[in-house]
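Add chain D to chain E, keeping to what the hints say.
Chain residues, written in single-letter form:
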Amino acid sequence: MGLTLAEKILLAHTDADAVAPGDIVMVRCDVVMTNDISGPMAFRAMEKMGASRVFDPTKVVIVPDHFVPAKDERSAALQKLLRDWAAHHGVAYYEQGRGGIEHQVLVEEGWVVPGSVVAGGDSHTCTYGALGAFGTGLGSTDIAACLATGTFWQAVPETILVELTGERQPFVTGKDVILAVIGELGVAGGSRSVLEFGGDGVAALSIDERLAVANMAVEAGSETGLFPADEAVARYLDGRTTRPWAAEVTDPDAAIAASTQIDLGAVPPLIALPHSPGNVVPVADACGHTIDQVYIGNCANGTITDLRQATDILRGRQVHARTRLIVVPASQRVYRQALAEGLIDDLSEAGALISAPTCGACFGGSGGILAAGESALATTNRNFRGRMGSGESSVYLANAWVAAAAAVAGEIVDPAEIGIADAAGVA
Amino acid sequence: MSLNARAVVIPGDDIDTDVLYPGTYLNVTDVEQMTHHLFEGLDPALRDRLVGDTALVVGSNFGCGSSREHVPQAMRASGIRFLIGAGFARIFYRNCINLGLPAVVSEAAVAAAGDGSTVELDLEDGSVLVDGERFALNPVPPFMREIFAAGGLIPWVLRQR
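As given, the protein sequences belong to chains E and D, one line each in that order.
Its first residue numbered 1, the first sequence is counted upward by one per residue in our numbering.
Its first residue numbered 1, the second sequence is counted upward by one per residue in our numbering.
Calculated from the structure, these hints are not laboratory results.
Some clues are possibly wrong.
[Unchecked claim] Here chain D is said to cover these stretches of chain E; the calculated rule only asks that three of the stretch's residues, wherever they fall, bring their Cβ under 8 Å from a Cβ of chain D: (1) 43-53; (2) 147-153; (3) 362-370; (4) 377-391.
Every value quoted in this text rests on a predicted model; they were computed, and no experiment measured them.
C-beta: ideal position from N, C-alpha, C; glycine also.
Chain E extracted, bound-state conformation (with noise of 0.2 Å):
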């Protein structure tokens, strides 16, 4: 019987003759990540595990990113633990002001490639299922581990295939391919899993919206979200890494667990709402809610295209008066891109105010926390309650395209009904 991409992946990075679903075998890692949250407790654990180096230097990467710039001395402290750190045992590691958002940056800078494992000490880690790589989020024991002996346990998981068929409707993206997926299987519906992407609607989906829809993989209880790679894949690694790789792909007869058909052409844009992301309507059944912030960024959705989708609602218009909009682009990278498209300009000119290169506010660390009664729309991946501020606060998922209708309106709003702005801001 044939492998899947995800049992392929893992036979090469283990001892192990064979692999099986349910197997548990010990995988090692191409890259270990961890940032300022996970980071300072993993490194304690490596202490306790008797292990005073990392066990490969050139496979280890931080990112300050979740309460950057720090918000508290507390926050500051973790921070320099991690600079310390980072510079005592020689490994990568991206300054504020020179990374941001870890999966971004990641991705980015050329450390993920198809076919690679990489270990991360936070659960978007699957955001790298995008490039083909066995991406997957581990506590800070686990990475401690992974520091300490570059392995980590890992239950061989089953494949559930989604197959994505025909061309998209317009102000869809790959936010919504995921929501649609979420809200088919559940918030669970992927436990024990990975997903894998295919079908013909798959190569229509650019890298920056892949990396949208593998980031939430996890949101429906998976292992990681895999994309096989394909030509996109491999220009978008043309002169951005130098690690070898080959594109795998799933076996003809390899044992699929499930699969499940998304039909492009009848997914409208949608929108999760409060407090779970598998509770997924149409955005044209939420039309009406006021919302008091918008934010537009994150891990999941705070690239360039995402920063792009919000300018062309927003060139020329003003942001509600009764409401605040927050963008927040995932990187450095992206923030100078979009700087240089002259978004940054639009956007700001409209009313939005943009921040650093951060988690921020997604998580609740900070910059646009919730107040009680306050609802956001936000471009992010989870809404529990009380996920960005109060518990009495509520947080709407959508893509770019409706967080940035919804600026405009000051309510949630089918982004057809507001259009794409001309230079002028008329419709």
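This is chain D only, laid out in the frame that chain E set:
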């Protein structure tokens, strides 16, 4: 070896780690301080019920969302000896195992347990007693029993080195 504890029930499915330990406290690294924020977004009064050895009884997909290890760290430091659930989310489950905090699955045991039930977990036997009634656990792979037996991933790695 068996573990004895008194049940505290958290009803409902898909309880996420954000409500179990809100993001604003993620810059806390002292485990004792973490215990003051456990369950904060769900029901802070739950903390007052963690008296003595506790078995936390939970629904399905418990601990979904963030990888924050603060949750099981704070649970362990608050006297939670083990969890019985209808199911656990992936990273939370890993974190529990890695900390040597057994998280076992038995829907029937969850259904039978109420607040204050006496619960006895026997990992070797693969069973749990709820107020004296025996329930079989979903099988725990030998690898995980090995980590539990070692006391968590830290001593397990120490032993391997």
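Structure-based check of each hint:
no.: 1; hint: 43-53; result: holds (count 6)
no.: 2; hint: 147-153; result: holds (count 3)
no.: 3; hint: 362-370; result: holds (count 4)
no.: 4; hint: 377-391; result: holds (count 6)
When each numbered hint is compared with the structure, no violation occurs for any of them.
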